[in-house]
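With the hints as extra help, turn the sequences into a complete structure.
Just so you know, the sequences run in chain order W and C.
Take any residue in the first sequence, note its place counting from 1, add 243, and you have its number in the numbering used here.
Take any residue in the second sequence, note its place counting from 1, add 75, and you have its number in the numbering used here.
Since the hints were derived computationally from the structure, they do not count as laboratory data.
Treat each hint with caution, since some may be false.
What the hints assert, rightly or not - Covered, in the sense of this in silico footprint (three residues per stretch, anywhere, with C-beta under 8 Å from a C-beta of chain W), are these stretches of chain C: (1) 300–308; (2) 312–319.
Claimed, not checked - What follows is a set of in silico ranges between Cβ atoms, one per label pair, in the way DEER data are often shown: (3) W:Thr656 with C:Val252: 48 to 58 Å; (4) W:Lys615 with C:Ser313: 16 to 26 Å; (5) W:Gln616 with C:Arg127: 43 to 53 Å; (6) W:Asp662 with C:Phe230: 33 to 43 Å.
For each residue, glycine too, the CB sits at the ideal point set by N, CA and C.
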Amino acid sequence: MTTLDITSSSTARSAGDAVLSFEDLAVTFGTEFGDVHAVKGISLDVRPGEVVALVGESGSGKSVTSMTALGLLPGNARVSGVVRVGDKVVGELDGQGLRRMRGYDVAMVFQEPMTALNPVLTIGDQLTEALQLHGVAYGKQATGRAAELLRMVGIPEPERRLRQYPHELSGGQRQRVVIAMAISCDPKVIIADEPTTALDVTVQADILDLLRSLKDKLDTGILLITHNMGVVADMADRVAVMLKGDIVETGTAEQVLTTPRHEYTKRLLAAVPHLGAGPGQFGDVQPAQVTEAPVPALELGNLVIEYHRLGKPPFRAVDDVSFTVGKGEIVGLVGESGSGKSTIGKCALGLIPAASGSVKILDQDYGVLGRKQLKELRKRIGVVFQDPAASLNPRFPVGEAIAEPLVVHDIGTATSRRDRVYELLESVELPRSYYNRYPHELSGGQRQRVSIARALALEPELLVADEPTSALDVSVQATVLELFTALQERYRFACLFVSHDLAVIDLLAHKVVVLQDGRVVEQGLREEVLRNPREEYTKRLLAAAPVPDPAEQRRRRDDRHALLTELGEEIVELHVESEGPAKRAVPGSQGENASRFGGFFGG
Amino acid sequence: MSDIRNTDPRGEDYEPVPAAHGIDVEGGVGAGVEIPSLPTEERSYSQGQLVRRRFFRHKGAIISMILLGVVILVAFTSLGIGPIPGWWDKDPARQYEKIGTGAPTWTHPFGQDSIGKDYFALVMLGTQKSIIIALGVGLISTIIGTLIGAIAGYFRGWVESLLMRLTDLLIVIPLLVLAAVLGKIASQWGIWGLTLMLGIVTWTGLARLVRGEVLSLRERDFVVAATAVGTGSGRIISKHILPNAVGTIIVSATLTISAAILLETSLSFLGFGVQAPDTSLGLLISQYQTAFTTRPWLFWWPGLMILVIALGVNFIGDGLRDAFDPRQQRTKA
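In structure tokens form, the structure reads like this:
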């Protein structure tokens, strides 16, 4: 492209050889509460074959930035500054020009592959759509190309997959399909918005391998939007850290991750839990010592849980699981999605009945309890859910939400309850003035503190925490985890801590139970399971978790590839045939392409 | 508070108020980095305040509310209620000396009917009755519909099957036929009987809406959390589920009220509704339908009242719907 740039020197000078460039980009949203400045004048370039990571926590404006490149902002947004994709200025394109650009010059990989794919169209239909719209290939040729794309991203039996629907594929395969769609027209730049956040850690590693080989082999520029420092360390060449709509720091991945200059970057990195660093990463808080008691807080014996399905045999979500949670002990329940870890959590709360086996809470069995006794037992169990926004009643002020368990169990008077709520608010480090606030006025981290306070209202002996930090930003997660360990030390509750994040488990669990497909793969003390895993699956999980240090991550990646090779598995990469099928099929021969270049020479 | 923890109400991971508003662009950032707070963040609103704020921005709804308020005020103060006398000096039952053809004059602003009765007094009486019926029907059908919908949605199983099949049964019978039959029986107890009967046949739509809402709410985490704490079913429904379905319920109730006005009008017009000597807007139109060409005011005044009330209530319903569901509206840039 650079050779063609002689016709328009100004373009060449300002954009350089960047495939995507933002210049003084500012985005403002008009809302009913006045203007909100989402992006405040940032400049950023992405060059071919380069991965630029845009890092920031929720609300920092990173997704808004990426959406400007596609011209996909909602109607109440005002954009100023210049966004260039290749040689086109996005703001100057009309509807048709934008459509021609999307998919052809710049493509997008979304966070959640299930919602990014249309559930009522086959994979084949969706893949050929972009090809036909952009005049790359038609009919049989398009189908052939679609199959080739699937083969490129490593999906076996592509011809059969083309006729399948998105729900018939696994999460990782779906994301591969989304990537195949993104590269179908060989765009100059791909915007990947949290491409692995919705995926399991082993699948994440595969998708990252795929994206990495994509930029190497096709020389595509990638703008990677993520909040995960491990992913940044694994993928990025350059990093831009965003805070409140501003870029506060840019540099190479090495620079930013190992010697951060800006205060915010330092804090952000300090908040990332490191797998392998063990407990006490945030502050001096050490997990409490386990007190051996004759009666465990939770005892699962050969537990089987089945979901009944209409007209089909029941689905066995949990199969023959046995473990115990001692008093004052935190047991981390680890597994990927579908491993049954949340189901076990719900069963421990008595929300799902066991098909067989026993669930004993403080030596009492759910199955044999009457209504009264059940209520009594529930008084001794607390629960914290993953999404604090969903687990608090939006109509209840914070104070009432925390007092709810006290009201239900008819404990104390109105004044004593109020005092107790103040006390709990203080112990989760929220000001008393929050008593009358509503959940929607609070941030994610504050809401989760409220859920924790509610769970602790009755001073439970057992707490079930279902992914309590995975919906939170990393710096918020750090403070919540710190708080959690401090509270555990103070109240000494036993805890079943369900998580997919090994680093979090490593930080606070005494014992670890690794689940796969409803079965226990490995269980034992944290040091044993996470430092010297015996089972292959645990090894894989540990190898796939990225760490926020480029050098160490590179070493870990090589280790993981070695492990995969040892296990006789293929390392995921883009399969490009020798004569380069990914190159634009018929440049210039189609009317559209002609006008594309014509327009270019003219302007 | 010397550490960087989250004790400052404006610190750390603060998010602005309009979080329910589609794009959540500000906030949620930064471990303790100083961020100048925007002026908009100073105010904080409860859910109810937010709804009120949005409602009062809906011009159509506000105009309708004022208009409807005026109509209700005039209707009830002019003739008075029960023993309390009103400010209008003429009696709807008395015959006055006819002035000319009975067309509107200063003494009789709405004109007179064929035998000289003051039409303003008659129309106001009819408006009173129609409004009482409409509000009564709205109340009764909302209570029945909400209860049946909530019970069916929360308990599922055979309770749900039973209640929803009952609902289906009522829905498949044409509303007008059912109301006519029941209305005819009930009208011997005056307008209260009619109100009750109409309430009993119009709850079906709301029951289905509430059931759908409850079905989705009962799977939400905060309901699961309440169950796990040991909260009983009654408390969960009344404290956790229904307050969150209140938007649907209020909007539907408003629309039921305007539907009830029209239903009562149709029934009275057909002769199955309000019976003389009671009167209502529909009955007035029915009584004077033959006079449409000769004395058009006898048709237009009650017709206008029906229009104002029905349209006004509908607009208010629209305003409420927008207020409760902010995702439907896009604020201008």
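Outcome of the hint check:
Look at the segment 300–308 of chain C against chain W: 8 of its residues bring a Cβ nearer than 8 Å to a Cβ of that chain, three or more, so the hint holds. For the segment 312–319 of chain C, the stated coverage by chain W holds: 4 residues have a C-beta nearer than 8 Å to a C-beta of that chain, and at least 3 were required. Checked against the hint of 48 to 58 Å, the pair Thr656 (chain W) and Val252 (chain C) passes, with Cβ atoms roughly 56 Å apart. Range check, Lys615 (chain W) to Ser313 (chain C): Cβ separation about 21 Å, and the 16 to 26 Å hint holds.
For Gln616 (chain W) and Arg127 (chain C), the Cβ-Cβ distance of about 45 Å falls inside the hinted range of 43 to 53 Å, so the restraint holds. The hinted window of 33 to 43 Å between Asp662 (chain W) and Phe230 (chain C) holds, with their beta carbons roughly 37 Å apart.
Comparing the model with each earlier hint shows no violations; every hint is respected.
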